[in-house]
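Asks: What follows is each chain in one-letter form.
Protein chains: 2
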Amino acid sequence: MENMEKIREQFPITKNKVFMNHAGQSPLPKQVADVVRKFVDDFSNFGTTSIEWNDGGKPLFAKLIDAKPEEIAFVENTSVGLNIAANVLRYLPSSNIVTTDLEYPSVVYPWLRKSLGVKVHYVKNVDGKILLEDVEKAVDDNTVAVAVSHVEYVNGFRHDLRVLSEIAHEHGAYLIVDAIQSAGAMQIDAKRDNVDFLASACYKWLLSPPGAGYFYVKDELIEKFEPPFVGWASVKDEVFETIDFWDIWNLKLSETASRFEVGSPSFISLVGATEALKMVLDIGIKNIERRILKLTDQLIDAVKDLGLKLQTPEELHCRSGIVNFKIDKPQEVAEKLKNKGIVISARSHGIRVSPHFYNTEEEIDRLVEEIKQCG
Amino acid sequence: MENMEKIREQFPITKNKVFMNHAGQSPLPKQVADVVRKFVDDFSNFGTTSIEWNDGGKPLFAKLIDAKPEEIAFVENTSVGLNIAANVLRYLPSSNIVTTDLEYPSVVYPWLRKSLGVKVHYVKNVDGKILLEDVEKAVDDNTVAVAVSHVEYVNGFRHDLRVLSEIAHEHGAYLIVDAIQSAGAMQIDAKRDNVDFLASACYKWLLSPPGAGYFYVKDELIEKFEPPFVGWASVKDEVFETIDFWDIWNLKLSETASRFEVGSPSFISLVGATEALKMVLDIGIKNIERRILKLTDQLIDAVKDLGLKLQTPEELHCRSGIVNFKIDKPQEVAEKLKNKGIVISARSHGIRVSPHFYNTEEEIDRLVEEIKQCG
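Heads up: the protein sequence lines correspond to chains A and B, in order.
Mapping of the first sequence onto the numbering used here: position 279 corresponds to residue 279, and the numbering continues sequentially without gaps.
Mapping of the second sequence onto the numbering used here: position 341 corresponds to residue 1341, and the numbering continues sequentially without gaps.
Please keep in mind that the hints were generated in silico from the structure rather than gathered at the bench.
The beta carbon of each residue, even a glycine, is placed where N, CA and C say it ideally should be.
Take these hints with a grain of salt, some might be off.
[Unchecked claim] Distance ranges between label pairs, derived from CB positions:
id	chain 1	residue 1	chain 2	residue 2	range
1	B	S1094	A	Q31	54 to 60 Å
2	A	D55	B	Q1031	50 to 56 Å
3	B	W1249	A	Q373	35 to 41 Å
4	B	E1315	A	K191	58 to 64 Å
5	A	K6	B	D1297	57 to 63 Å
6	B	W1249	A	E369	38 to 44 Å
7	A	D365	B	K1252	55 to 61 Å
8	B	Q1031	A	E369	42 to 48 Å
9	A	K124	B	D1101	55 to 61 Å
10	A	K6	B	K1224	46 to 52 Å
11	A	K124	B	D1141	47 to 53 Å
12	B	N1194	A	K329	48 to 54 Å
13	B	Q1298	A	D66	55 to 61 Å
14	B	K1236	A	V126	30 to 36 Å
All chains, full assembly: derive it from the sequences and hints.
Replies: Take a look at the structure:
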């Protein structure tokens, strides 16, 4: 990546820490922090903001995942999007949904509600991988949806969404994707991969304040579903614009994905997310992905040299920004590293490292040196 | 109110504008802006914040409405809370809900969904007032809920929640309250008034950034309902604390109102809301209410002297921080005032004025003078 020095100037955190926990919550780049500060100053001084609001970053998120702006709704966080998807689908007593045993709870919980009465099938991982043949065996004609994280939070395993959607669609099921561990780090191609629903908050790899998230619904599905939650934000623009006279006798849902919005989103978070999306698109998601995979390559090699057991599959096509390796007393190691200014996290008997494009080879080296001394 | 000068120093907006549109979106007080700026600086420089997070202001909001912290959940906005209430209740084909023709759309829309199949009865206002005898006539044994705004957004009519809950409960119905136009301005006593569900965002009278809101569920009801949306934030604290090993095979819902939370809230907004709640409680909600009613008294007298028709009922017990009076071309008048630095809004063929405790008698006078010149 060119101009690494200039890029790092955009990340004040690099002066204070070796931060490689983007799978947790990310530091704000300078340009994001600046725009949020301006929002605060404006609202304090003038009760309104001069920041151009327009679309709240919808076209930018759409561009990032290869979708149309009309297919994007604001959501507070990823979980909200997944719950909308879970609640618009219909279930029979014989219905099932297919997920994996590597999942983040919010991907599974919406279907564990007693009132749905749906069976959840967990495809078991094999050495940290979810095999497509196992998914194929699990999905049947009673499957209503396949629900997965594009990238799994524990070990960074990356699913092949195109094949998953093929398997799901062959059985009349929908593909529902939690993209929080890939959006901003790995390429996402919702159209090519024929994804039905996809949600992501922006406070991890998308380098934004919490409270901003986007929810993608494939265009042909939008008008098929009545949203589970509705409010002033769900209705057609014409209704919104005539704010002087709300029509409270009829619910005229928007024909775009904004029908899944309910009320006032966290504008303060969305101005930050919009700015962060601009930055990510300017650098280019392909460049970011390439850079992240280069850094994690380096880390994986070093971890193997140390004789530590990788919990992340090594094959490039199922890798991501997350590397996990086994270690004794991971919480203690994480604490020791933290005291030395290195931020990673302890997950599943191991250490989870998640560097972003602005991290350096030297920072990976430094982490490895410290790990060596912990061992 | 004592120390008005000192209080106004806390509101940088007072140096730039006569801001009397707190029923819209409010300016941030200095202490709120400061704490949000600190959050941004910390997250940019250190990837974490030194602001004590703890409870996100739940005990403060609980204190404000006379409830217990365990009865409070975070919500992105008011509409989300109302939708949770609408979705946990069960409806028969004969069921109805009772609301009013003065309502904000988000109070009504959740029950206009086709999939619910519930009849909505709109109690008609009489000269801007909703009469209790009319509510009494509308509620019957098929009524599942009475849903109202504590203070109506158009003309500021304030309901008597105690009597409404009595009427609802006599018929086995629930009382669901949108408190966004009263929380931070008027006293709310959820316990005394026996309210079942109440929701409010904080970006109006509670002087906070958008994205922060609270949802109250009466304690005896919490465990009765399975939340419509669930995620990692819905489960018991014990599960949350052992983040290393999420239990994704069982949904062990929290026994507190946090079971109605889903995922990451907008922390950046909640640190602001916590600070704003501290300010409001320090000044005292009774003092704030008294001050607001004094300012609106003055405005009502002046409007009557001008011969303009009030759209706000005059009786003190059903008044609030909102005053609306009829005027020709309200949008044009609002625009003219805006150009002179006076912020109010046009609503329902009239001008809606909504002053807060830090506004002054002189500011009301100035508005009246300008209105006189418009007429």
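Asks: Can you give the numbers of the hints that this structure goes against, from lowest to highest?
Replies: 2, 7, 10
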